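**Q** Protein chains in written order, with my numbering: chain U, 67 to 836; chain S, 67 to 836.
Check before you lean on any hint, since a few could be wrong.
A pair holds if it fits inside one copy or across any two, identical chains being indistinguishable in the list.
Dumping the calculated DSS-like pairs for lysine-lysine here, alpha-carbon to alpha-carbon at most 27 Å [as the list claims (entries may be wrong)]:
1. Lys137 / Lys649
2. Lys132 / Lys251
3. Lys461 / Lys635
4. Lys817 / Lys717
5. Lys803 / Lys783
6. Lys635 / Lys456
7. Lys635 / Lys465
8. Lys416 / Lys137
9. Lys465 / Lys611
10. Lys273 / Lys456
11. Lys649 / Lys456
12. Lys635 / Lys611
13. Lys456 / Lys77
14. Lys676 / Lys382
15. Lys273 / Lys461
16. Lys456 / Lys132
17. Lys132 / Lys273
18. Lys676 / Lys538
Just so you know, the hints here were simulated from the structure itself, not pulled from any lab data.
All values derive from a computational prediction rather than experimental measurement.
Protein chains: 2
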Amino acid sequence: MFDFFEAHPWKIVENELRPDHKRFSESIFSLGNEHMGLRGFFEEDYSGDTFQGSYIAGVYYPDPTKVGWWKNGYPEFFAKVINSTNWVGMHVCIDGERLDPAHGQVTDYRAELDMKQGLLSRSYVWTSPCGKKVAVSFQRFLSMADVELGAVRCEIKALSGPLSIVVTPYLDGDVRNLDSNYGEKFWDAAGHGAKEDALYLKSISKKTHFEVATAMSCRFLHRNDEHDLLPQSCSQPHRAEAAYAVGLAENETMALEKFVAVLTSRDHEAGDLIDLACRKVLQAKELGFNPLFSNHVAVWDQKWAEADVIIEGDVKAQQGIRYNIFQLQQTYAGRDSRLNIGPKGFTGEKYGGCTYWDTEAFCFPFYLYTNKEVARNLLVYRYNHLERAKENARKLQLKGALYPMVTIDGRECHNEWEITFEEIHRNGAIAYAIYHYTEYTGDTEYLDSMGIEVLIELSRFWASRVSYSEPKQKFVILGVTGPNEYENNVNNNYYTNMLAQWTLSYTLQELDRLERTKKDLFKDLQDRTQLTRQEELQWLNIQQKMYLPRDEERRIYLQQDGYLDKEQKLVADLQPGDYPLHKNWSWDHILRSPYIKQADTIQAFYFFPKLVDRAELRRSFDFYEPRTVHESSLSPSVYSIVASLAGYEEKAYELYLRTARLDLDNYNHDTEDGCHITSMVGSWLAIVQGFAGLRFEGNQLAFDPYLPQQWSGYSFKINYQNRPLSITVTSGEFVLKQLSGDPMIVRVGSKTFPLSPSQAVLAPTRRAEA
Amino acid sequence: MFDFFEAHPWKIVENELRPDHKRFSESIFSLGNEHMGLRGFFEEDYSGDTFQGSYIAGVYYPDPTKVGWWKNGYPEFFAKVINSTNWVGMHVCIDGERLDPAHGQVTDYRAELDMKQGLLSRSYVWTSPCGKKVAVSFQRFLSMADVELGAVRCEIKALSGPLSIVVTPYLDGDVRNLDSNYGEKFWDAAGHGAKEDALYLKSISKKTHFEVATAMSCRFLHRNDEHDLLPQSCSQPHRAEAAYAVGLAENETMALEKFVAVLTSRDHEAGDLIDLACRKVLQAKELGFNPLFSNHVAVWDQKWAEADVIIEGDVKAQQGIRYNIFQLQQTYAGRDSRLNIGPKGFTGEKYGGCTYWDTEAFCFPFYLYTNKEVARNLLVYRYNHLERAKENARKLQLKGALYPMVTIDGRECHNEWEITFEEIHRNGAIAYAIYHYTEYTGDTEYLDSMGIEVLIELSRFWASRVSYSEPKQKFVILGVTGPNEYENNVNNNYYTNMLAQWTLSYTLQELDRLERTKKDLFKDLQDRTQLTRQEELQWLNIQQKMYLPRDEERRIYLQQDGYLDKEQKLVADLQPGDYPLHKNWSWDHILRSPYIKQADTIQAFYFFPKLVDRAELRRSFDFYEPRTVHESSLSPSVYSIVASLAGYEEKAYELYLRTARLDLDNYNHDTEDGCHITSMVGSWLAIVQGFAGLRFEGNQLAFDPYLPQQWSGYSFKINYQNRPLSITVTSGEFVLKQLSGDPMIVRVGSKTFPLSPSQAVLAPTRRAEA
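With the sequences and hints as input, model every part of the structure.
**A** So, in structure tokens, the structure goes:
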């Protein structure tokens with residue numbers, strides 16, 4: 067395991083330039099602001115191994131599906147997030163030598179990500195191959211206040227002298243994806259030039275025709291003077307650059323501030339892009355680096371006020387949870403309901419920047435509990451894709467809506483039949499998120515105006531996807547893949563069947579409420595969706611007769627039909643060389659083994675803790691956990707929460723550790739490809755829903771808190787129905803404060819308490835189990 | 067359905083040039099001789115739609131595997147049969163106009179495939195766009211006597227005149243595969259030139275480095291003179307050509323005979339290829355067209371004497387069965403045990419010219435019953451691939467040998483996990499073929515020297531692939547795909563489990579025989595294979611406790627666990643627009659449906675008719691047949707045979723019809739891609755094993771013959787343990803004649819009869835059922 071970074075509550079600090087792990091560091095130091103983002107690659111030239119990725123949310127390329135054997139229903143393309151113009155770059159020339167930390171000598175290296183302020187800084191002393199010596203530093207941020215803006219500041223101090231310095235900031239649109247086929251390019255150049263002090267570059271994505279204008283304008287500081295731009299604007303269609311030259315005496319310093327605006331035709335008229343980008347970047351330059359940065363920090367202050375988690379007595383845990391929250395906030399801020407949360411965010415290209423079920427099944431509560439408007443936009447995203455989800459179901463000869471497994475614009479992008487066509491439980495997590503949002507916020511506005519339509523189409527889907535088994539005299543769901551993707555094409559996955567049953571039940575319940583309380587709306591809905599009483603009765607019938615596989619001997623629900631026919635080996639029986647299974651075992655070997663990739667039946671109990679009593683919850687956990695290899699980074703946190711529910715507190719903490727610093731410690735040895743953004747929420751969930759036991763029960767908030775033995779305390783913020791709450795758990799004591807809003811009743815453990823801004827709750831935590 | 071061809075017992079005749087169906091005709095008129103083959107494309111230029119394919123057995127290109135999502139264990143390449151030098155081509159120029167039947171006017175068109183002699187002839191009258199008129203004819207054959215030779219004869223008669231004619235026969239190596247990616251080429255040019263009267267071209271296949279020399283030499287006939295070659299040998303690296311010019315008066319005729327030799331480094335030293343090819347082609351020219359043809363016809367005479375089937379009272383059926391036999395004999399003749407039977411033979415590129423389980427499961431009996439040496443070479447092929455099959459099993463973390471699903475050189479070529487890793491029943495058909503060969507020939511030589519090693523490794527595979535189910539207290543085989551590929555990753559496919567059980571049992575039986583009767587050989591085998599008593603006991607245990615899914619209510623074996631949980635719809639419930647399912651339904655829809663692609667449980671009863679009694683055979687047939695869509699061309703014949711066994715004679719004939727003229731009538735609308743060579747055997751099997759009820763039972767040959775009502779009689783030849791037999795079935799009478807060899811006892815129906823060259827068997831047929 068890596069142990070690269072200093073323990074620090076607010077910063078990620080790297081004290082050494084490690085060429086072997088450059089891509090890893092670049093992933094960790096990624097910045098983003100929902101609109102755009104980029105990996106922590108260097109501004110200056112770097113001739114060593116590097117993965118320069120710069121991405122714009124929602125800008126993708128439809129890469130044609132390639133499979134050996136086509137199956138009817140496969141999607142035509144996979145949406146790839148496109149590597150876009152490198153806008154941080156600047157060449158630095160020192161007495162004719164290119165600054166390149168892969169050559170010469172680098173000392174006093176320090177890279178620092180300040181998570182509180184969203185600032186990436188880097189400094190080092192460089193001795194050139196010819197012996198010239200400079201101290202160099204870079205700072206960059208992507209504005210959270212105006213997301214189309216970013217800025218870089220470069221300082222160079224001559225440690226030997228005098229030195230002639232040429233700094234050439236540039237925009238480079240001649241970039242390719244790491245994962246393009248046959249080195250394909252995804253951009254066409256569409257103009258470049260200058261407007262006043264701004265240089266611009268315009269590119270159009272192939273096939274999708276997204277237009278992107280990138281503009282830069284620079285301020286050069288030396289002896290408190292500003293220097294003029296040298297007349298050296300670049301003639302290449304994919305490149306804009308300007309060179310600044312200065313002579314430095316020994317110990318003298320120069321600085322260059324580069325302001326950049328990135329605007330796309332997703333947000334503006336294509337014809338206006340260049341003008342708007344240049345105007346915006348000139349205004350930013352006019353405002354200045356520090357004021358621009360202050361505006362940015364103000365947004366971060368707000369984010370941390372809403373969603374910070376403090377852990378006492380474990381600085382590495384503190385660093386880990388803040389890093390995760392930081393990356394989640396960078397990736398998705400809920401400003402734009404056309405966007406969603408890609409599994410790698412802006413930190414890499416893998417998974418194409420697309421939306422997975424990760425959003426609803428894992429990430430959703432973090433946004434919901436800290437800022438419901440952000441969560442609402444995630445639901446609007448799915449509502450906006452409802453028509454395409456209906457098309458998708460029709461493509462599989464089914465009714466209603468099947469949301470895609472992977473998407474960027476509502477169309478399915480994945481092309482393995484066992485996933486694309488069979489991992490249909492994804493529909494369930496979307497219904498659950500609607501329910502979760504509505505219950506937690508107490509607000510039926512989304513449900514009544516959009517969610518109910520989604521629910522109707524999801525129910526229609528399930529009603530057309532079940533079939534009736536004569537031997538079982540029950541409705542069954544055949545040929546599915548559950549959350550455990552180490553089983554394919556199984557019959558009656560418990561999680562899937564249970565969610566289908568619950569979706570039908572919840573839809574009927576909410577339709578009943580609407581019919582009783584909002585007759586006009588209900589009537590209108592009936593007309594719009596052609597919903598009939600007969601259809602509702604059919605759903606009721608299916609819901610009542612849904613088959614759920616169960617082992618009566620062990621008194622637990624079974625992951626799927628026939629699971630017990632497998633050799634019941636345990637994870638403890640595996641050898642180190644077996645891990646990870648998907649890299650060491652052939653697929654059939656994995657499929658017929660009992661090993662579970664990630665929470666499956668246990669995921670159901672995470673969603674619905676009351677599905678089974680505590681004794682059965684424990685029996686289930688005791689059965690499934692020793693069979694689970696957690697080869698999805700989404701798995702340990704869910705198991706951790708269920709362990710907390712079951713009172714397995716040590717186990718809960720052990721599982722929490724597997725997600726707490728997944729990327730910082732490069733737990734899965736693949737962070738170089740990018741960070742596991744959607745998994746990052748896991749440690750937050752494990753603390754809030756696990757250790758603190760946060761639950762919503764009807765219209766009541768509930769906690770069942772305890773303190774992991776390894777910590778001396780933790781606290782976090784949530785917002786419950788317009789009441790900002792602060793929760794602190796220390797050894798033996800639970801303190802809940804309400805910062806504003808109406809009084810309420812909360813439950814802690816088995817007792818209820820009144821809570822208001824003037825009346826905090828002080829309650830004992832549950833005793834740590836032996 | 068097509069009805070293009072005249073009914074004729076020995077010929078396939080097309081009386082019209084149909085540009086819309088050109089590719090279909092080209093498939094039908096394909097010629098081959100095991101060493102090489104080519105589609106029936108035209109010798110002269112043809113600017114309309116055409117698919118010019120010319121192939122050499124065993125010469126392939128390893129096309130890298132392309133999948134969206136890689137699974138551990140996938141093969142690195144798919145072996146593609148390579149389109150090779152077009153050696154029949156000749157340009158014809160008539161008074162400066164190119165002969166091209168796609169232009170001008172074509173009348174009196176006739177294409178004729180003479181199956182008795184293996185000759186393709188074509189003639190027509192062509193009026194050029196400028197009004198010149200000629201009668202043209204072409205004849206071609208690929209020598210069955212010397213398989214490296216082919217010849218084309220072209221005759222041109224001036225119907226208007228005088229005409230200046232230039233004929234330019236050529237070899238064109240600048241060819242591509244229809245299915246190449248990005249127009250890739252698979253050949254490098256490696257020399258061209260002339261030796262004496264021969265022109266040659268040498269090509270080397272990319273990556274695999276097969277070297278191929280093609281040489282041609284021509285005889286030009288006009289007024290009984292031979293004309294000299296014009297000094298016009300071509301300078302392009304991929305091309306050799308020579309031009310012959312002559313003036314024809316009206317009604318005068320010229321002819322050109324083109325002799326071609328195709329030699330490869332598979333059979334000769336690469337350095338000698340050019341010399342050998344030129345020498346061979348010059349000898350062929352010296353011998354002359356007609357003598358060369360006579361040698362070729364003599365081999366066909368022998369083939370027909372061994373394997374002809376005569377059908378009385380149905381010329382189209384006669385034509386169909388002969389066409390099938392003709393193509394089977396062209397594709398594989400057992401001369402070269404490095405070769406096998408590609409599903410399209412030399413008639414197309416689909417399926418890459420590779421070997422599938424079709425060979426053992428379907429084609430094998432045809433060769434075994436007509437010429438056991440040919441069948442033996444098919445078994446030697448698998449023995450020679452045993453080491454690679456062992457590697458393949460190890461790749462899947464299994465013991466013993468797993469033969470590839472698709473192969474050209476022993477390595478797996480298929481890349482769908484549900485097939486490659488799970489359609490493991492293919493191992494069973496190989497064991498069955500060894501058993502079939504040994505029982506039918508009464509000769510244990512192959513078994514003792516090679517087959518037993520194959521059986522040991524197959525048994526080892528099964529022993530490592532089963533697992534023990536605690537709930538069932540039986541050995542189970544989880545995660546397989548049976549012959550019915552419309553189910554994937556099922557548990558306990560009856561066919562697979564049964565064959566695994568039988569293989570273990572048969573292996574143990576033969577090991578016991580060897581131990582008792584050939585102690586030295588057995589000892590040597592033990593040493594060579596590290597076989598232990600303990601291992602044999604383990605096999606015995608598995609064999610005794612193998613689980614076979616069964617429905618006790620219906621009293622039939624079930625295709626797999628959970629089959630009855632499906633909605634029990636029938637083929638009769640499908641709509642015309644549903645066919646074929648794989649083109650109209652998404653894959654998950656197919657998988658969860660009850661529809662069966664091809665004989666699966668029924669295939670088991672085809673192999674082992676005594677597995678169940680006749681009543682259960684009927685119950686099984688009655689259950690499975692109405693659920694089977696026969697979307698594999700291999701399916702109806704197997705069902706037909708089992709229908710014959712069950713006494714469902716009308717059904718047997720109905721199913722027979724679906725294979726009888728599969729390609730001639732373009733039943734599946736895809737013959738343009740090539741003919742269904744391996745399926746062609748189906749009609750032969752349906753007659754011999756179905757209608758005539760040929761069986762081997764221990765050391766006794768048995769028949770249970772009947773005559774389909776639609777026919778007035780049929781007869782066929784087989785060879786049983788060096789006894790050529792002729793079987794004739796007419797209304798009510800069965801006549802079995804032995805042409806030579808030792809006397810024997812045969813069973814017909816329930817009675818036994820002595821048989822010898824001097825004593826034929828005359829017996830009644832079974833009564834046709836109502």
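**Q** Run every hint past the structure and note whether it holds.
**A** Each hint, compared with the structure:
Taking identical chains as interchangeable, the C-alpha atoms of Lys137 and Lys649 lie at most 27 Å apart whether they share a chain (25 Å) or sit on different chains (8 Å). Proximity of Lys132 and Lys251 under a CA criterion of 27 Å is satisfied in both settings, with 18 Å inside one chain copy and 20 Å between copies. In this assembly of identical chains, the alpha carbons of Lys461 and Lys635 lie at most 27 Å apart only when taken from different copies (21 Å versus 39 Å within one copy). Taking CA atoms no more than 27 Å apart as the test, Lys817 paired with Lys717 passes inside one copy only; the shortest distance there is 26 Å, against 75 Å between copies.
For a Cα distance limit of 27 Å, the shortest separation of Lys803 from Lys783 inside one copy, 10 Å, qualifies, whereas the shortest one across copies, 96 Å, does not. In this homomeric assembly, Lys635 and Lys456 come within 27 Å of each other (Cα to Cα) only across copies, at 26 Å, whereas the closest approach inside a single copy is 41 Å. Taking identical chains as interchangeable, the C-alpha atoms of Lys635 and Lys465 lie at most 27 Å apart only when they sit on different chains, with a minimum of 19 Å there against 40 Å within one chain. Within a single copy, Lys416 and Lys137 get their C-alpha atoms as close as 24 Å, and across copies as close as 16 Å, so both meet the 27 Å cut-off.
Taking the shortest alpha-carbon separations for Lys465 and Lys611, only the intra-copy value of 20 Å comes in at or below 27 Å, while the best inter-copy value is 44 Å. Proximity of Lys273 and Lys456 under a CA criterion of 27 Å is satisfied intra-copy only: 25 Å inside one chain copy versus 47 Å between copies. For the identical chains of this complex, Lys649 and Lys456 are inter-copy neighbours only, at 21 Å across copies versus 36 Å inside a copy, given an alpha-carbon limit of 27 Å. Taking the shortest Cα distances, Lys635 and Lys611 sit within 27 Å of each other only across copies (21 Å), while inside one copy they are farther apart (33 Å).
With identical chains, the CA atoms of Lys456 and Lys77 are never at most 27 Å apart, being 46 Å at best within one copy and 54 Å at best between copies. Proximity of Lys676 to Lys382 under the C-alpha cut-off of 27 Å is found in neither arrangement, the shortest distances being 34 Å within a copy and 71 Å between copies. Proximity of Lys273 to Lys461 under the C-alpha cut-off of 27 Å is restricted to the intra-copy arrangement: shortest distance 23 Å within a copy versus 41 Å between copies. Taking CA atoms no more than 27 Å apart as the test, Lys456 paired with Lys132 passes inside one copy only; the shortest distance there is 25 Å, against 30 Å between copies.
Taking the shortest alpha-carbon separations for Lys132 and Lys273, both the intra-copy value of 17 Å and the inter-copy value of 23 Å come in at or below 27 Å. Taking CA atoms no more than 27 Å apart as the test, Lys676 paired with Lys538 passes inside one copy only; the shortest distance there is 26 Å, against 32 Å between copies.
Going through the hint list in order, the structure does not satisfy hints 13, 14.
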